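*Asks:* Here is how the chains run, residue by residue.
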Amino acid sequence: MNSSTVVENENHHATRLTRDFERLRHSPLFSGLHLDVLKLIAYLSRHRTFQPGDLLIESGKKADKAFILDGGSVEVMVTRRGEQVRLQRLENEGCVGELALLAQFDWFFSVKALSVVDALVIDRNAFQKVLEKYPAHKDGLIERVIQLSVGRQVDQTSSMLDRMLPTGTIQSTALS
Amino acid sequence: MRLTERPLFYWIKKRYRALQVVLLVIIVISLFFRVYPLEMQRKIINIAINLKMIDKLYLYCGLYLGAVLMAGIMKYASNTLQAIIGQKILIGMRRDLYQHILKLPLTFFHKTQTGMITSAMTAELNAIATFLGGALAIPITSVLTFLVFLGFMIYLNPLLGLLSMIIYPFEFTVIPLLQRWYNRYNQKRVMVTRRMASVVNEAAEGIHEVQGNGSFLLEQLKLDRLIYRLYDLVVRLDILKYGIKFSNNLFQSIGPFLLFLVGGYMAINGEFTIGALVAFLSAYEKVYDPWKEVILYYQSYQDAQVRYKQIMELFDHQPQFLLEAPGSAPRSFKGSIEAKNIGYRINQSIQLLDDISFRLEAGKHLALVGFSGSGKSTLGHVLSRLYQQSSGTLSIDGQMIETLSQMDVVTGISTVAQQSFIFTGTVRDNLLYSTNALHLADVTHELPSRQEIFEIITEVGLVPDLIRWGLRSTISPQRARPMISSFLKMREIVRQKMGSDISEAVEFYDVNRFLRYSPVAVNIMFGTYGIAYTTKKLLTNETFRTFLNDTALEESLIELGLEIAVATINLLGDFNGDDFLFQGSPMKPGQLKDYVKLLEQIDAGGNWKTLNKNSRDRLLLLGLKFTPGIHKITSLPRSLEAAIMEARPQFLEQVAKIDIESCSNGTTGALQTEIATVDQAKKAGPAKTEFTPFCINHYLYSRNLEDNIIFGTVIDRDLVREKLSAVAAEELKRYDLLDYIMDIGLDFHVGSKGDNLSGGQKQKLALARALLKKSPVLILDEATASLDNNSQTRIQRYISTKLRGKTTVIAVVHRLDMISEYDHILVMKEGKIVESGSYDDLIAKKGTLYELINGRRE
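Protein chains in written order, with this note's numbering: chain A, 1 to 176; chain B, 177 to 1034.
Just so you know, not all the hints are guaranteed correct.
[What the hints assert, rightly or not] Straight-line Cα separation of at most 25 Å, DSS-like style, residue types lysine-lysine; simulated pairs:
1) A:Lys61 with B:Lys938
2) A:Lys129 with B:Lys764
3) A:Lys62 with B:Lys899
4) A:Lys133 with B:Lys769
5) B:Lys769 with A:Lys129
6) B:Lys938 with A:Lys62
7) B:Lys1008 with B:Lys1022
8) B:Lys462 with B:Lys417
9) B:Lys279 with B:Lys364
10) A:Lys61 with A:Lys133
11) A:Lys112 with B:Lys899
Please keep in mind that the hints were generated in silico from the structure rather than gathered at the bench.
Every value quoted in this text rests on a predicted model; they were computed, and no experiment measured them.
Can you build the whole structure from these sequences, using the hints too?
*Replies:* Encoded structure:
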């Protein structure tokens, strides 16, 4: 297999495969990955368009795919005591649901499209297949998914605290 | 005689005696034709040649040829007849044995590996059949043949005749000895092979665990031990087998040596004619044939005997109960049940049930509750007589349960287990499993009507599933035809009602749009081809090929195919045979190697024109199968898309002969005439009906009902099903199609052991199956536990209202909020009844049940 095929084809017409390949190459989840692996992921991903208000991820449903966003913005929400709370807003090139690539669980948050959202969808089966075919990249990929997820947690906590601390909804432990 | 105690020869002696006699007669007659040529040999040499009589030579040679021919034909007939007799006996043996096995007590199946049962029923019985055919005929023939040839030799020369017999006593002692060793090893071989079968069987059944735990080596180790043991045994067997062969050959060669020595001496001295010597030698060779046959017979007899014994030992259990009370129909029960001091032990020591007593009037409902492991399910099994109590008595309508025949219990009691078994077949087969069985056994005369089936289906909540299965079916034109106009009306309504709801999830057939989720071929035809469409079949259609050629699409499509082949091999070449990865290419994983070879024939410039027609067609096939929305391996060039869209109207007008305007805007009013024209066209010739265009007023025979109603390609199946089932149920009712669709749904194939069904569907099916049996006693062992809350409640309501007073129900209940509906409750703990009474009494008492319901007091 040689990694120049994608480029060759570009001369004829920009194939979807090439476009998705480029998109993944610049996504935080897969940037810097070996081109062969990236190409297989691009090949196995699907396109989906969401209208404003559509749910990309619905809390309580089975988690089985991750979304790489390409244009548009979404918000991450949780429902608590019957109220919807926004945790985070993601623009353009973010990705959501990456943990679904690694394990089975039910979504504990929802993600709603705020504008028209173009997304590349990768499901767990496909991702696991890639790991199976390229075992040498397995650890690196898993680590990347976890790092990204941890970064997300940190962002969400800070953004929530930023909003809550000034209003006095919660207080720092030093005061109590 | 008890089946498993029958000796092997029982089957032979009792069956097909007339055929066996015919066989014997054929063989006896053939003996004459086998000896006669020897006499001719002698006469040819002694008379014809010696006296130089040409006419005699012709006569004897002619007779010789005739006799040899007759002997050959008779041998052929007797061989065939033998095989037929063997197979006929096998049929009886297999049927009797299978009936015996099916009736064995459950404990037998708990103890025995299924692999053992299957291999005994299949491969090992086959091996016995080859022996059975000639079991009587061969030994009789062989002895007769031996005597006849021996007699002929003694008639020629008594001294030589007797002399040639002297080696046989040696053979009689040596060969059986070797054979006995052989048998001993063979017996072991059968055991090892069987164990191997059950190891493999176990691994296959538990493959989830094996793959989940990565226990590949562990499982390999289990098999390895047997593989090497088998190797060891087979080698020993071969050594013995060839040893027997060797001694046979040796003895066979010593005979002629003696004959030449003594016979030659006598001939030289003029005591023996040359002709007689030649005939004698021939006879000596022939006398060896029956001997060889006897040895072979002995070997296969021993082998069959070993296998037969082991099979019979395996199944040597007695069915616990009589199948039917002789001469009387099964009893009919009212359904009152009384248990007195019932105990159930396994292995003599572990007490699973202890001192269970209760009385239940006919038509009353009893709930069994308790902690897990308290013996509720075991009690359920005892009550349905799947297990037999170790102590105490159990009676139905005052009849001791042990005294009832199997058919009494079958008609009297229905059982639904927590994990129900679903048989391979259709939904209908499974629903009617119990009633069909009773029908075959002549217990009931009528099967449930369609209306009865649908009532029960509704009660257990299977209607939405049945509709979905119905909609998912592709039905035959005959079955579709009377309903087509209703379907087309539904098509219109679905478009109006949910067109915009599902526009993201469906690509509707629109003659002015390229269909991204349909293959290129379908895009060109804007329709399908034949009843069962395949692109390969389309490639053989002359009209279509001419069209591709005339529009110059063929070249572009071959180029597209080439691009697909190159891209697929580049991307997936290293992952040969992985179905999952090939989902984005029209190439199948198994075809990869062929396409690699094909591409090797193309030069670096990519000139495919040097390829032969067959190879070009293979590239064309890829191009035609390419579906842009699904196959990500490459993109469809815009120019080609435009060319296809340009060719489409031409195809519709010139080849399919369709008026595009009325095709896309046609109202269903015009439909009847359309069908008439299609039928007329069918009579006129096949050309038109082969292509079915996607016209709004055409029913598509090659698509399932759902596709026909939606009239487009479903992209997101889950979303569509969710939205469609709501609209469908309502509209189907309006057009009186509900029963029709559900009837089609009944023919849905559930897959191997119900693989195509969800756990809940299986459970509902099992419940419906039991309810259709309408037996006076119904035993439910957590039968609704795997269902969602709504379904559980609905089924419970049916039981408490419709079955009250009619059917005695004993239910092991998992959800305690349901037990207030029962007349009586038994609370069990560690195999004993700790509380017994009505719901209100037990709650008022604030005992164990109260504790169970309200949680444990800390």
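*Asks:* Run every hint past the structure and note whether it holds.
*Replies:* Going through the hints against the structure:
no.	hint	verdict
1	A:Lys61 with B:Lys938	holds, 23 Å
2	A:Lys129 with B:Lys764	holds, 18 Å
3	A:Lys62 with B:Lys899	holds, 19 Å
4	A:Lys133 with B:Lys769	holds, 19 Å
5	B:Lys769 with A:Lys129	holds, 21 Å
6	B:Lys938 with A:Lys62	holds, 22 Å
7	B:Lys1008 with B:Lys1022	holds, 19 Å
8	B:Lys462 with B:Lys417	holds, 23 Å
9	B:Lys279 with B:Lys364	violated, 29 Å
10	A:Lys61 with A:Lys133	violated, 29 Å
11	A:Lys112 with B:Lys899	holds, 21 Å
Consistency note: the structure conflicts with the earlier hints numbered 9 and 10.
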